[in-house]
Amino acid sequence: MNERQRRDFEAGLSQEVDAWLRGDYSRREFITKFGKLTGMLALSGTALSPLTSLALAQAAVDLADPSTPLGAAQAAAMAASTEGPADGSAFRAVEAAKQHSGAMLNMTYEVGLQALDPRNFSGPLWEQLTGIQSNVVELPLPDVYAKAVAEHIAGSGAYDVLDILPAWLPSLADGGVIAPLDDYIAQYMNTADLDDYHPLYKALPTYKGKTWGFFDDGDMFALYYRRDVFEDPALMEAYQTQFGKPLEVPKTWEDYAQVAQFITDQLAPNVYGAAHFRKAGSPGNQFDFMQQYRANGGVLFDDAMKAQLASDAGVRTLTNMVAANTASMPGNNELDAVAVWAAWLQGKVAMIYSWPPTGRMTAGYSQSDKAINFVPQSTIADKVGYAVVPGNPQHAAGFHKALAADSANPEAAYLFMQWACSPPVSLARCMLPYALRDPYRISHFKSELYGQLFPTANEYLANLNASANVGLLDIIMPGSQDYYLSLDRMCTDVWAGADPMTALQTAAAEWDTTTERLGVESQKAFYQEFLKLPGATADNTIEKLGMAVTL
Amino acid sequence: MTVSANASGVAPKLVPPRRLSWSEWSDRHFKWLLAAPATLLIVALSIFPLLFSLWVVFVNYDFQVPGHAFKGLGNFEEVISDPVARWSLVVTAILTTGSVFVEFVLGLALALAMMKTFRGRGVIMSLVIIPLFISPVIVGQAWALLLQRPFGPTNYILSQIVGYDVTVSWLTQTPWNFLALIVADAWQWTPFMFVILLAGLTAIPPNLYEAAELDGVDGWQAFWSITVPLLAPMMLLAITLRTLDALKLFDIIFIMTGGGPGTTTYSASYYLYTVGFTQFHLSMATAGSWIFLVLTAIVITFLVRRLLKPAAA
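Top line first, the protein sequences correspond to chains B and V. FYI, our numbering numbers position 61 of the first sequence as 61, with every residue one higher than the one before it. FYI, our numbering numbers position 126 of the second sequence as 126, with every residue one higher than the one before it.
Hints in this document: simulated from the structure, not taken from any laboratory. Treat the hints with care, since some could be wrong.
[Claimed, not checked] Partial list, computed: chain V residues near chain B (C-beta under 8 Å):
(1) Q64
(2) V65
(3) P66
(4) R149
(5) Y164
(6) G260
(7) T263
(8) F277
(9) T278
Every residue gets a Cβ at the ideal spot worked out from N, C-alpha and C, and that includes glycine.
If we strip away everything but chain V, and leave its shape as in the complex, we get:
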């Protein structure tokens, strides 16, 4: 029911509401109809599990223990007091830093190389990005086959190169197992860095380099004074995206080292998987996931703020 008043302040006259026709109703609410499927999907697949996980972390949700007794913060305490959980954070930091650094350096070098025109450039660029389209599980399996003793050819090839017997256990000996994981990850994801940085490089106006050349600036100076400052936002974007992904590293660890020897190569994701799906302690795994989410959010927030700074300027 609506109320209308005249200018002289006479008592308002009640006007009965007009019934909306179907077409008017649908016109007015069409936007909601369009948004409904996506909203329902998000609610069902993200919001509900998120809220459910908030309940799970405070109870004992373990496939081996009947019932769901209230545990308060007990699940968080179990994760924090677990030395394997703490070590998995160290492993995650080492692997993330190592792989993102290697990928960045190689990706930048490749992108700089591909800025020059030369015969076969198109073919090489196509070949370089192929690893991006391969499942990480396949990548892990391929590298495991290459590195595994005694059947993998790596030690044999290295022995031929260096002239003496190489007997490195790439998958079970520290630090070689870390190196193997970083190499496998870098092989797959360097092209990602390359593509983003190449896009950034092509956006730098060539006249800047021409002007620098006229001023007698050499290539190295031009790189530090023109390329790096102008490419910095893209560098930060590429590093942020890769860091976000590398923090979740799981597949190649699962295939190549199985987290071993011992728990040496347990990343945070691998630890959470093991607790949740090998040991079936779902509450503990969920509590660990929340802790990991908070830590990840801190790192990513820092990177995103850095990313937004140059844009604001």
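Looking at chain B on its own, in the form it has when it is part of the complex:
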């Protein structure tokens, strides 16, 4: 009970007691009224208060100071939503959505930081603009898939907007869990916005000739390195002497392991050459294996859909990954993504490759928000350079916004998706310090406002764009989680000392079991669809297809 509640209660009780003493009530009436009074108070304190707080939390838009780049981006998003241009997707979405004022959209998000944007920014702002409320349903990542399917089977209509991994799209589309957006796009969207997607991401939500969502998170791996280490004259000279070539940011995985080992040998225990998220389920092993395996010419399946992991490319990949592990900081094989960030930000490591939030954390921008205070403050903000991961970087996971097929408000749900992913609004969302949504539009990579977020933001954006130009996609087909789980098991087995070829054979056998369980012919068809996507193999990257984006 807070002070105000206590005062109200005492005043009310005093009135009731006085009335009873005056003989205005019978004893029964007094007890009844007293019960109601205390009951309401208890209700207001225990049940209503959290609901009120939640409602207020959803209703308050968390806006930055307009003089900051983030504040300016948010103001621009607001202007695009309310003032136009009239043919802009954001404006058109808001205008059309007003007819659905009062509706409630249930939106799934991965639990934790991913949900802060719709809770603090886009959800409340959308409500302010359109009167459509949002209910953010936070779920562990596997449940985002499983619950969407389960609710679809039950026909409950529990969700309107689904935040899904691109790898899930074919199963969800074929299963009728999500609905195609083409008719809505034709009716409401300024289709020029589709051309603003980086080409790697543009085709991702398409499947069997239809569009099934809006891509919404550019999860591209990139290499982050310590310039002060790589430009140290003593180290440069020692490296030249030892290897007969200059010390530079590695461009092959063999060089990567060699440079990491050299730095560890020279600077440990103060600085180690590298660190990786290698813990089982960290997640990371499968992404890292996939990017190196394919860069080494590895093939996933043959024409009969037999797994091809147990190959020279597989052995070469695992052998090199083990060499990189050996060159890394102690406990490398027990690290998860957050632990790697902690080591990196504390200056213990000379190179890491990871997701794009790494750049914003390195600059100290993310930590300006208390939601990210579990990550240490950066001690290396002005010492870091950006590079493309050797070979081809992995686009590791990412998110689409998809329309639940059973939504009771499909149009309102679609319009929210169009608005949230429109260029000005998505830019403001990607710039949130606590956001885990990473740049994916060409306009994001070119954004002057984003470029002002921290001193090296333009280099950071240019590197993400360059990485996407040569980036590789996750496997996008049913069973992707099975295939990836096998890779994670295989890698951690090898880290613990298993023979690489034996581990590769075990993983290949598991892949074959998965393929057979899901149907060889069916999986073959899905795989062929996947291979059509730019970035599916190292031979059809955006750059090799002649579609590279230059800023």
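Since chain B is already given, all that's left is putting chain V on it; use the hints.
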């Protein structure tokens, strides 16, 4: 309608049934009304899922495959032929045996120590049982932080003690990862053994020890001849309850090792979780659950029979 007959065998006279009043009806059926909520809950939350699972094990219930084609015993075959499933049973046996053994020994030692009165005994007993009230997930996280390289302090402390650099990977190196899991589980559940065994010890009449002392029996003999036989039912009860729980070990594996490296620390529960909720093969996970239930039932039935034997005697 009821029928009444007289003693002379005259044709029975039909008596129209009397309508029950509401109060009579409620008096007669009140017991059913009281039992109804619990029965409905059990039917909804236990019986229905159980019957539903009997259907699921014979079809293909997979979130990635549309429809539910009949598979017969195919799901059982998939589990049995899966080497990871077989290994998970071995892991479950190792972890259950190891953790229950450690917990029993430590719990018994603690209980024996706490039978003596000494200053601070109450405080120590309160402190000892605190882990029981902590969520297993938190316990797993705490131990992971303590053991994880390079940030956990364990290796540093051990290095200071032994005088050379300790570089054990507690969470990713076998057998240390098994040891780490057993230590974390024992830390949480030793107090459970302690509480039950302490209750058993306090129930042993002290005059038996006094008589033994008068007969010149030393402490060790008294322990084997008085304490162990009289405490045996409680020991078996504690071991049975802990075994039942340890067979389901999941939380600390999920947090500390993630089942790795590879599938080295997959317990049966962790395996079933992975198949069901990471890979979405619900039929296979359900079939595995039934197999695991049967195996668990065999172990527990054996223990319960042993438990009931002394009571019957």
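Item to check | V/P66 as an interface hint toward chain B, with CB separation required under 8 Å | outcome: holds, 6 Å
Checklist entry - Under the criterion of a CB-CB separation shorter than 8 Å, is V/R149 in contact with chain B as hinted? => result Since the shortest Cβ distance to chain B is 3 Å, the answer is holds.
Checklist entry - Is the interface hint for V/Q64 satisfied, with its Cβ closer than 8 Å to some Cβ of chain B? => result With a minimum Cβ separation of about 4 Å from chain B (threshold 8 Å), the hint on V/Q64 holds.
Checklist entry - With a cut-off of 8 Å, does the beta carbon of V/F277 approach a beta carbon of chain B closely enough for the hint to hold? => result holds, 6 Å
Next on the checklist: Interface hint check: V/T263, Cβ to nearest Cβ on chain B, cutoff 8 Å. Holds or violated?
Outcome noted: holds, 6 Å
Checklist entry - Was the hint right that V/Y164 lines chain B, CB cutoff 8 Å? => result violated, 15 Å
Checklist entry - Holds or violated: is there a CB of chain B closer than 8 Å to the CB of V/V65? => result With Cβ-Cβ at 6 Å, under 8 Å, it holds.
Item to check | Interface hint outcome for V/G260 [beta carbon to chain B under 8 Å] | outcome: holds, 3 Å
Checklist entry - Does the CB of V/T278 sit less than 8 Å away from some CB of chain B? => result Interface hint status for V/T278: holds (6 Å vs cutoff 8 Å).
In summary, the one numbered hint that this structure violates is 5.
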